[in-house]
Amino acid sequence: DAMVIQNPRYQVTQFGKPVTLSCSQTLNHNVMYWYQQKSSQAPKLLFHYYDKDFNNEADTPDNFQSRRPNTSFCFLDIRSPGLGDAAMYLCATSKWADTTDTQYFGPGTRLTVL
Amino acid sequence: RKEVEQDPGPFNVPEGATVAFNCTYSNSASQSFFWYRQDCRKEPKLLMSVYSSGNEDGRFTAQLNRASQYISLLIRDSKLSDSATYLCVVNPMNTGFQKLVFGTGTRLLVSP
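Residue numbers (our numbering), protein chains in the order written: chain A, 33 to 146; chain B, 511 to 622.
Since the hints were derived computationally from the structure, they do not count as laboratory data.
Among the hints, a few may not be true.
No farther apart than 25 Å at their CA atoms in a straight line, the calculated lysine-lysine pairs in the BS3-like style are these [unchecked claim]: (1) Lys76/A - Lys512/B; (2) Lys49/A - Lys76/A; (3) Lys70/A - Lys49/A; (4) Lys84/A - Lys512/B; (5) Lys552/B - Lys84/A; (6) Lys589/B - Lys552/B; (7) Lys49/A - Lys127/A; (8) Lys512/B - Lys49/A; (9) Lys512/B - Lys609/B; (10) Lys512/B - Lys555/B; (11) Lys555/B - Lys49/A; (12) Lys609/B - Lys555/B; (13) Lys127/A - Lys589/B; (14) Lys76/A - Lys555/B; (15) Lys552/B - Lys512/B; (16) Lys76/A - Lys589/B; (17) Lys512/B - Lys589/B; (18) Lys552/B - Lys76/A; (19) Lys127/A - Lys512/B; (20) Lys555/B - Lys70/A; (21) Lys84/A - Lys127/A; (22) Lys552/B - Lys70/A; (23) Lys555/B - Lys589/B.
Derived DEER-like restraints, expressed as beta-carbon distance ranges [as the list claims (entries may be wrong)]: (24) Gly564/B - Lys127/A: 41 to 49 Å; (25) Asn60/A - Glu515/B: 19 to 27 Å; (26) Met35/A - Glu525/B: 37 to 45 Å; (27) Ala577/B - Ile37/A: 38 to 46 Å; (28) Ser559/B - Thr92/A: 35 to 43 Å; (29) Pro622/B - Leu146/A: 19 to 27 Å.
C-beta atoms are modelled at their ideal positions from N, C-alpha and C, and glycine is treated no differently.
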């Protein structure tokens, strides 16, 4: 029973062609996060939503945007993907944003940029 | 200096061995600590939280040393299925938003 679902699992796009990655959750969690993980690197937080409140990390490029139309869904939009944006994109959720809350990760979307 | 540092390994151990990983963090105000496990090309999964008093979950023991700012993970009686990358994760925030800062991970290979 998948709790955090990401679609597609693999996405190939062309340099500069906008792409949208999808995340949905069945946990009814308030917080949804997007991480970028490049090969052999640590996951890096891009931004998160607490309910409808969007919180961008200071070093997240403007090329990355996000939407959360409802509690269950969150989207990551990459407006003009560059070769350096090829990575695994991980969605995670937590019930609250307390410091001890567990984050549950989806299986990720692996993005290839040609 | 990285916020969270780990030895990337790989640690190659035989089945049944005991292996320990350490991780150091730079922000002394960090409040929450975790170990996550990540299999190749899969998502991270929470292995265990790390408490000041230390905690144990079966074959896994986690310790926190605030004075020296390091966290350890001990795996006893290693199984083949323990082969994975172990991510040390720190939340540097002491209130409000939970931001997880990941280490790059320590790779463990358990052989027959």
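task: Quick one: which hint numbers does this structure break? Sort them smallest to largest.
output: Hint check: 4, 5, 7, 8, 11, 13, 16, 17, 19, 24, 25, 26, 28, 29 fail, others pass.
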